[in-house]
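Protein chains in written order, with our numbering: chain F, 1 to 371; chain L, 372 to 760.
Derived from the structure by calculation, the hints contain no laboratory data.
Just so you know, these numbers come straight off a predicted model, no measurement behind them.
Hints are not guaranteed to be accurate.
[What the hints assert, rightly or not] Examples of chain F residues toward chain L, derived with CB under 7 Å:
no.	residue
1	E158
2	P161
3	Q250
4	E254
5	H255
6	A258
7	A261
8	C264
9	Q268
10	F271
11	P276
[Claimed, not checked] Here are the computed distance ranges between Cβ atoms for each label pair:
no.	chain 1	residue 1	chain 2	residue 2	range
12	L	A510	F	P183	44 to 52 Å
13	F	K93	L	D553	55 to 63 Å
14	F	G140	L	A510	57 to 65 Å
15	F	I97	L	A510	54 to 62 Å
16	L	A510	F	L223	53 to 61 Å
17	F	G140	L	A527	33 to 41 Å
18	L	D553	F	H92	27 to 35 Å
19	F	G51	L	R468	35 to 43 Å
20	F	G109	L	A510	39 to 47 Å
21	L	R468	F	K93	36 to 44 Å
22	F	H92	L	H390	50 to 58 Å
23	F	G55	L	R468	34 to 42 Å
[Claimed, not checked] Chain F is faced by these chain L residues, among others (derived, beta-carbon under 10 Å):
no.	residue
24	R388
25	R443
26	R465
27	S480
28	Q484
29	F486
30	L500
In this text, a Cβ means the ideal position worked out from N, Cα and C, and glycines have one as well.
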Amino acid sequence: MTQDEPDIQDHETVGPVESLAEWFSETVLEPITIGDWIEDGVDWISDNLEGLLDGIEAVIRALVDATEFLLLYPLWLTAFLIAAGVWMRFGHKIGAITTGALLVAFGLGVFSETVQALLWFPPPWVLAVLIVLGGIWRVGWRFGLFAAVALLLIFSMELWPETIRTLSLVVASSIAALIIGLPIGIAMSRNDTVEMLVRPVLDLMQTMPPFVYLIPAAIFFGLGTVPGAIATLIFAMPPAVRLTNLGIRQVSREHVEAGQAFGCTPRQLLFKIQLPLALPSIMAGINQTIMLALSMVVIASMIGAGGLGGTVLTGIQRLQVGVGFEGGLAVVFLAILLDRISQSFGQRRREGNAYGNLLRWFFSGRQKADA
Amino acid sequence: MSDKLVVEDLYKIFGPRPHRALELMEQGLDKDAIFARTGNTVGVREASFSIREGEVFVIMGLSGSGKSTMVRMFNRLIEPTAGHLYVNGEDITRMSRRQLIDLRRRDMSMVFQSFALLPHKTVIENASLGLDVSGFDRARQQERALQALEAVGLGAHANSYPDELSGGMQQRVGLARALATDPTILLMDEAFSALDPLIRTEMQDELMRLQEQRSRTVVFISHDLDEAMRIGDRIAIMQGGQVVQIGTPQEIVSNPANDYVRSFFYGVDVSQVYSAGDIARHDAMPLLQTGQADAAGARQQLGADGCAVLLDEGARFRGLVSARSLTDAADLDAARIDGIDTVEASTAMSDVLGRAAASDWPLVVVEDGRFIGTLSQRDLLQTLDRTHQ
C-alpha cells in the first residue's frame, strides 16, 4: 500500500506541482468564503431592509390568520364558498343578493344567541363534514367514507387543533406560493431569457435541503408561524412555476395561431387561449405545490410553526413513540385528503373527452347561465 | 376584377442572420447550399403574384414547399424577411401591431388543418371567438355567430361541445368561426386535409356554395391536386419555396412549367379538369349553313369522316349530316340525322365520356344553343392520354 500511496507529509522536496497547488489554494480558494458572504448578506438584509421584512411578515401573517380563522370557524367558510360559487355560476346580480342574504343571516348573530354560538364557537365537526362532502363531490363516495374514518381517527387522537393549524399553514403558504409562482411561470413561458434565468433558481430552491430555509427565515422573522409559512412557500413554489410554464408552452401551435389570426391581443391570447388550455398542467403543479407545502410545514415546526409537526417533534424530543406516530398518522391522513381532492381538479371526471370536461367545468359556469 | 392581395418580392428565411442568407441567395445559391453555409432555411423565395378579389386562389405544393409559410405571411403570423404584401393597396408589412390586429379582426380570418377549436367552449362560443376578442357585446356575438353557424348548417348544434361533433362538423365550426367576423379574405390552411375523402368533397361543395352566396377572396392551401382543381379559380404551384407556376387548372394541366409540376398531374383525373367546351374542336368537321347549299352540293363538302355540321344563320346548331343521310334527302334539313347528342360546354369531361361511348356520332358541344365544336371519341381519348406522356 505504501508504494501506491506515498505519504505526502514525508515528502521533502517541493516540486512545481505542489507549489502551484499551494499558490492556487492561497490566492483562489481561501478568499472564497460562501458561508461568510451569505451571513454578511443576511446581516445586511436584516439591518437595512427592516421595512420590507415587516411588510412581508404582515402580509403573510394576515394570510395565515385569515385562513386559520376560516378553518376554525367553518360557518364563515361555508358562507364564503356559497357566495363565491353563486357569484361564479349565476353572475353579479344573484351573487350580490346571496351575499347580502348571508350577511343578514350573520348579522342575526348580534341578536340571537344560537346563531352567535354557531358563528364563534362552532363544533369542530362542521369543517370535518365539509371535508367529507367535498371528498364525495370531487372524488366519490368511497373516498368520502375514507375521509370520514380518517377525520374520526384524528378526533380520537385529539389532534384536531394541530391538524387545523397545519392545514391552515399549508393552505396559506400554498396560496401565497401560487400568487407569486403563477405569474413567474407565465413570464417564463413568454420569454426564453426569463426561463433561462429562472430555471436554475428553481433548481436551487428544490434541491436545497429544506431545513436550510429555516435559518434565514428564523433570523428575519423570528420564531413562529410566519417564518414557517415563508420557508414553506419558498420550498413549495417551484412545481407550480415549472408546470405553468410547461403547460403554456405545450399549447398547440395552431391554437395559438388561431387566437392570433382572429386578432387576439397578447393578453387576450393568454387568458382566452393559453391559460385555459394549459389548465390540466397548471392544476398538476398546484397539486404538487400543496403536497410539498404539507411536507415542509412539518419540518417548519422546528422553528415553532406548531401544528402536527410540533406533535412529531415532541415525540422525538421525549422519545415518545406513540405521540410521534399519532402525529405522523394525522399528517398522512391530511396528505391523502389534500392530494386526492386537489388532484380531482386536474383529472378526468367523466367518460369522453376528459380534458374538455375539465376546462368546461372550470370556465363555463357563467356563460351557460347567461345563454 | 381588381387585385385584392398583391405579393411583391416576398422572402422568408428562418434561422439566425437571415440577411446574410438573402445576400447569398442573390448570388444564386440554392436552398441546400444556403443551409450548408449559414444554417438558414429558406421558407419562401422571391414570390410575386396577385390574388384577385372574389377568386379562390389555391397554393399547392408538397410539404416543405413553403405554402404554409406563405399563407401565414398574409396575416403576419410569420414575419416576412423581405418584400411587400398589399391588402387593398395597403402594405401590411409596414403595419403596426395595433393596425395588424385590426386587420385580422376586420378583413382576414383563417381556418386550420387541425380545426384548433377550444374544447371547453360550446360551438357557438367557438364561432364567436373573433367577435369576442373584437369586443362585440354578448347579444351581437350570439346573433352573428349563430348566423355563421346556420350558414354552414350547424345552427342546431350551437350549444354542443366540439368533442361531441364529427371531424367534418368540427371543421364546419372552424369555417363558421372564420365567417362570423364577415371577413373579405379567408385563409384556409389545408383546411380539409384532415377529413376523410367523402367529407372532404362535401366540405369543398360547401365552400363553393358559400362562395356563390357571397364571394370572398379565398386563399386555399392544399397538397391535394384534385381538391385544387375542383375549387381553384387559379392555382399557384410552389416548389422549394418558389412559386413555379400560376394559372387556371386547365392552363397548368395543358402546359406544365416543369417536371415537378408535371409530376403533380401524373395520374390525375384530367376528365375532372376539363369541360366539354375546353376540348371541343371547332374545325374537325365542315360547317354547312341551312339554305346555303343543297343536298348534292353538300356531299362535295363532307369531311374525312363523311360528316358535316349544319348551322342556321345565327350559328345555332341545327343538326349533323352524313354522306348516307344526304343520299336520299330532298334538302339539307331532311338529311339531318336523328338522335344526335348535344352537350353544354360547361359539362365536365368526365360526364360526357359515357355519352360519347354510347353514340355512333361525335358529340356536339353547344353553349346556349350556339355551336362550339364537336367531340369525337378520338378527341376524348387523346385528351385523356395527354398527361401520361
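Against the structure, the hints come out as follows:
Annotation: interface hint on F:E158 violated; nearest CB of chain L at approximately 45 Å, more than 7 Å. A least Cβ separation of about 41 Å between F:P161 and chain L goes past the 7 Å threshold, and the interface hint is therefore violated. Here the hint on F:Q250 is broken, as its CB sits about 14 Å from the closest CB of chain L, past 7 Å. At about 4 Å, the closest approach between the beta carbon of F:E254 and any beta carbon in chain L falls short of 7 Å, and the interface hint on this residue holds.
Interface restraint check: F:H255 against chain L, minimum CB-CB distance 5 Å, threshold 7 Å, status holds. Annotation: interface hint on F:A258 holds; nearest CB of chain L at approximately 4 Å, less than 7 Å. Annotation: interface hint on F:A261 holds; nearest CB of chain L at approximately 4 Å, less than 7 Å. Because the smallest distance between the Cβ of F:C264 and any Cβ of chain L comes to about 5 Å, under 7 Å, the interface hint for this residue holds.
Interface restraint check for F:Q268: the shortest CB-CB distance to chain L comes to about 5 Å, inside 7 Å, so the restraint holds. Hint status for F:F271 relative to chain L: violated, with the closest Cβ pair at about 10 Å, above 7 Å. Because the closest C-beta pair between F:P276 and chain L is about 6 Å apart, less than 7 Å, the hint holds. Checked against the hint of 44 to 52 Å, the pair L:A510 and F:P183 fails, with Cβ atoms roughly 34 Å apart.
Checking the proposed 55 to 63 Å range against F:K93 and L:D553 shows it is violated: the Cβ atoms sit about 33 Å from each other. For F:G140 and L:A510, the Cβ-Cβ distance of about 41 Å falls outside the hinted range of 57 to 65 Å, so the restraint is violated. In this structure the hint that F:I97 and L:A510 lie 54 to 62 Å apart at CB is violated, the actual value being about 23 Å. The hinted range of 53 to 61 Å is satisfied by L:A510 and F:L223, whose Cβ atoms lie roughly 59 Å apart.
The hinted range of 33 to 41 Å is satisfied by F:G140 and L:A527, whose Cβ atoms lie roughly 35 Å apart. With their beta carbons about 31 Å apart, L:D553 and F:H92 fall inside the hinted range of 27 to 35 Å. Remark: the range hint 35 to 43 Å for F:G51 to L:R468 is upheld by a beta-carbon distance near 40 Å. Restraint check, F:G109 to L:A510: a C-beta distance of roughly 43 Å satisfies the suggested window 39 to 47 Å.
For the pair L:R468 and F:K93, the beta carbons lie near 37 Å from each other, so the given range of 36 to 44 Å is met. At about 54 Å, the CB distance of F:H92 to L:H390 agrees with the hint of 50 to 58 Å. In this structure, F:G55 and L:R468 meet the distance hint of 34 to 42 Å, their C-beta atoms being roughly 37 Å apart. The interface hint given for L:R388 is broken, as the beta carbon of that residue sits about 18 Å from the closest beta carbon of chain F, more than 10 Å.
For L:R443, the suggested interface contact is upheld, since its CB lies about 7 Å from the closest CB of chain F, less than 10 Å. Here the hint on L:R465 is broken, as its CB sits about 18 Å from the closest CB of chain F, past 10 Å. Taking 10 Å as the C-beta contact cut-off toward chain F, the hint placing L:S480 at the interface holds, the least distance being around 6 Å. For L:Q484, the interface hint holds, the least distance from its beta-carbon to any beta-carbon of chain F being 7 Å, beneath 10 Å.
Given hint, L:F486 at the interface with chain F, holds; its Cβ is 8 Å from that chain's nearest Cβ, closer than 10 Å. Look at L:L500: its Cβ gets to within about 5 Å of chain F, closer than 10 Å, so that hint holds up.
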